[in-house]
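There are 2 protein chains.
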Amino acid sequence: MIIGIVGGGQLARMMALAGIPLGMRFIFLDPAEDACAAPLGEHLCGHYDNTELLSTMADKADVVTYEFENVPESAITFLADKVDVYPAAQALATARDRIHEKRVFQDLGISTVPFAPVGSFDELQDAVRSIGLPAILKTRTMGYDGKGQFVLRHSDDLESAWNQLGDAPLILEGFANFRREISVISVRGRDGEMRFYPLSENHHRDGILHTAHSLPDDPEQSQAEDYARRIMEKLDYVGVMALELFDTGDKLLANEMAPRVHNSGHWTIEGAVTSQFENHLRAVLGLPLGSTKAKGYATMVNLIGTIPDTSQLLSEAGIHLHSYSKKPYPGRKVGHATVWSASKPTRQKFALNL
Amino acid sequence: MIIGIVGGGQLARMMALAGIPLGMRFIFLDPAEDACAAPLGEHLCGHYDNTELLSTMADKADVVTYEFENVPESAITFLADKVDVYPAAQALATARDRIHEKRVFQDLGISTVPFAPVGSFDELQDAVRSIGLPAILKTRTMGYDGKGQFVLRHSDDLESAWNQLGDAPLILEGFANFRREISVISVRGRDGEMRFYPLSENHHRDGILHTAHSLPDDPEQSQAEDYARRIMEKLDYVGVMALELFDTGDKLLANEMAPRVHNSGHWTIEGAVTSQFENHLRAVLGLPLGSTKAKGYATMVNLIGTIPDTSQLLSEAGIHLHSYSKKPYPGRKVGHATVWSASKPTRQKFALNL
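From first to last, the protein sequence lines stand for chains A and B.
Taking this note's numbering, the leading residue of the first sequence gets 272, the next gets one more, and so forth.
Taking this note's numbering, the leading residue of the second sequence gets 272, the next gets one more, and so forth.
Take these hints with a grain of salt, some might be off.
All copies of an identical chain are treated as equivalent in the list; a pair is satisfied when it fits inside any one copy or across any two copies.
In silico DMTMM-like cross-links for lysine to aspartate or glutamate, where the CA-CA straight-line distance does not exceed 25 Å [what the hints assert, rightly or not]:
#	residue 1	residue 2
1	522	504
2	604	323
3	331	313
4	564	462
5	331	304
6	418	580
Since the hints were made in silico from the structure, they are not lab data.
Put together the whole structure using the sequences plus the hints.
In C-alpha cells, the structure reads:
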C-alpha cells in the first residue's frame, strides 16, 4: 500500500513512522528540499499546486491524505478526480475557514464563542458593538500557531488591527472565560465507525501549543465526544480529526477543528494503545480502527527552536524524544518529548523545564 | 548522530525506526539489494568483508553496531581500528562459538547443560559416553533457528549426524529437562550501568521462535538478571544482550547468548517503557539508558512465510503489526504481531491462530 501525503513536515514524518511497520510506503509532496519526512519515502519536491507532481502522486498512491488544512483547494480537487483523498474536500473546506467552521458548529447545536464575519471597517465596528471587548480579530483562513490574529482590548485597537489584517477576510470572536483548553482527537473509518481518544489538556506559550496532558477518565469526555461525533457524521468525515474546546466549567465551547492528526494528540504514540498517526492511516485505507484506550498517563512538551541536550533529556525517567530532524530556528517546532508514567503523575516539573 | 549497522534485515530496520525519532541517521551494510532496512537510511550494498564499503561506513558513522553475530570477525576488527564498534569484538567472539560461550558461563558459575567439544568421530563417541543420550550435536558457529544441529537419540544416529556436520567444529550438548524456555534481555551502557527487561517466555515451532510472552514479576527474574549481570560485566559488554535460559523448575540453565537485539525482545516495543531497539542505540552511543519497566502485558507472535490478511489481523483488539516489508518465502520471518493488554491476559487464542 502506498500513501500519498500532501506536505512533508513532522506530521507526515510521524505518519510514515507509524505506517512503515504496517508495510506501507509513502510519497510526500513538499516544496522544501529538506522536508523532514522526505528520508522516509519518495519526495516529490515542488509546490502544492504543481499538477505534474500531483498527477505523479495520484498515479502511484492508493490513497492520498494531507498534513495541514491550508493545502490549496484546487490541489485536493485535482487529486480527488484521480485517487481517493481523505478527509474529503467538504471537511477541508469547512476547517479552512473559521466562519464556515463555526457555522457548522452552530447548525449542529454545538456551543461556540460569539462571532461575526468582518469584511470592512464598518463591519468590524458593528461586530465589536454586538460582541463587546475584549475580542479577537482573526483571518478566516491560513492562521496557525497564533499567527494572523490580534486581541482587541480597547476601541482604539481597532484601527491598527484593521490596518494589519484588513486585506484578508476576517472573523471577530468574543473572548471565552475558560478554566482550561482541551481537545479531543477522534477518528472515523470509511465504514462510519468512530473512536475517541481520552481528552488532552493543552497549555500554550506565545500562541503556540507548549504542553498537552492526556486526561483518561475526564468528566468532560462524553460531552466532547458528542460534539466530535456530530461534526464527523455531518461531514461524512474519514480520518483523524482534532477538535479544540474551551471548558468554561459550565459547558464546552468548540473553538476550532483540524482535519488531520494534531499536535495535541502526539502523546498518543506512548499514551494510547494505537497512536493517532496509525489510526489516521487505518481510517483512510479502510482498515479496522485500532483501540484508542489510554495506556497510562502521558504529557507532551513541544521543543521549540532547538532540541535540548539529548543526553540530559534522556536521563529523565520515562521520557521519549521525538526529534523531527529539522534545522534549529527560533520559534520553529523541531521536536517534542513525551513523559510517560503508569500511574497518575503530579504535573511534571519536567514540563516546566523545557 | 550517524549509526552504522552491519546487516540490513529486520533487526536493523527496527533499530532505525527506534532511532529516527531520536534524530539519528543510519548506514547499513548488506549484500541484499532488497535489504528491508535499506529504505530507512543509506544502503552500502555489498559483502560484509568488503573493505571499501567497511571504510565508507567507518568514515561516516559515529558508532558501528551489528544485527547478527555471524559477521566475519575480520570485518569487526577492520572497523574497530577506525571507529567505535559495540558490542566489542570480545563479546562477539564469545557469542559466535558455542564452546567459548559455555566456558564463559562455566567460569562465571552459571549452570549449563553438560557439553563437550567434538573434533572427530572418536571425540563424538567419547562425548556421548560421558553425556549420555539423548543429546544434541551442533555446529559451534553459524547456527540459528535450529539450523546446523541434530538430535541424537540412539547410538546409531551418530554416524549420519557426523556425516552431515563433521566438516565443521562441533559441540555435543546434553538434553535439558525443562519446564519452559525463557530469556532475559539486558542492556549495559558505556558507563557500566545495567538494566534488565522483564523475562520473556518463549515457544518454538520447527526450531524457530514462534511466540514470546512478557513476564512481569516472574519469580525467576532475579536469578536470570544475576546471570546476565555476570556475563555483561565479564565481557565489558556495551549494548543489548539476550540470554536464553532453560527453567528446569529447580534452577536456570544458560543455553546461549546473543550479542544484539533479539527476537524474544520484540514485545518491548509495546510492552516496556523503552524498547530494546532504542536502548541498544542509547547504550552504544553512550546516552543514558531508558527505563526497562513493563508497560502492561505483551505477547509477540512471529509471522513466518507471509503476512496474513492485514484487515483481519488489525481487527484484533490491542494488536500491533510489524511487517518487515520482505518478499514472502516459506520459513522466512516476514514480520511479527504483538498483542498488548493492560491487565494480565489469558494466553491468547490469537497466538494459536497465527
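Could you check the structure against the hints above and give me the numbers of any it violates, in ascending order?
2, 6
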